[in-house]
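Make the full structure from the sequences, and use the hints.
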Amino acid sequence: MRWIAIITITLAAGCSALNPFPKPSVMRAMKDADRIVANGHEITDRETVEGLRKIYGNAKWRPFIDTEPIDQISIQLFHGSEKVLEFSYGAGWLMDEARKGVLSEVQRQWMIDHIRSKIPAEKLPDRHII
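With my numbering, letter number 52 in the sequence shown gets 52, and the count goes up by one each step, no holes.
Honestly, the hints are just simulated from the structure, not real lab data.
Bear in mind the structure is a predicted one, so any value in this text is a computation, not a measurement.
One thing to keep in mind: the hints can contain errors.
Stated by the list, open to error - Listed below are the simulated BS3-like cross-link pairs for lysine-lysine, each with C-alpha atoms no more than 27 Å apart in a straight line:
#, residue 1, residue 2
1, K31, K54
2, K83, K60
3, K60, K23
4, K23, K54
Below is the structure:
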């Protein structure tokens with residue numbers, strides 16, 4: 001009986017990692033976000049916060065089996081003083097603890113125009129993230 005429970009839990013975790021959609025709990029948490037902190041720089045523009053939620057929700061998620069990009073932007077979403085989500089952006093991917101969200105060219109350009117371009121140069125990674 002114990003083995004059945006272990007196998008069931010393992011399969012459930014594996015299936016979650018293979019799901020190409022964002023976790024519903026993450027999307028619910030993002031709904032209340034009112035600001036973004038990207039590499040320590042605060043972005044409070046409501047359209048940008050909502051746009052990032054859409055980008056995250058429309059990314060194609062898959063298990064993270066690649067080497068992480070060296071140059072990443074740390075992204076945190078807050079509701080008031082409460083951190084509701086933290087992930088990274090690098091080389092056209094959104095990355096959480098176990099999966100990466102692959103972005104289209106349009107989504108990558110949005111990240112450059114609306115997130116990366118708002119971060120002061122001294123807070124950016126050394127190399128340009130596509």
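To see whether the hints hold, each was checked on the structure:
1. K31 to K54: It holds: about 10 Å lies between the C-alpha atoms, which stays within 27 Å.
2. K83 to K60: holds, 24 Å
3. K60 to K23: holds, 12 Å
4. K23 to K54: holds, 13 Å
Every hint from the earlier list agrees with this structure, and none is contradicted.
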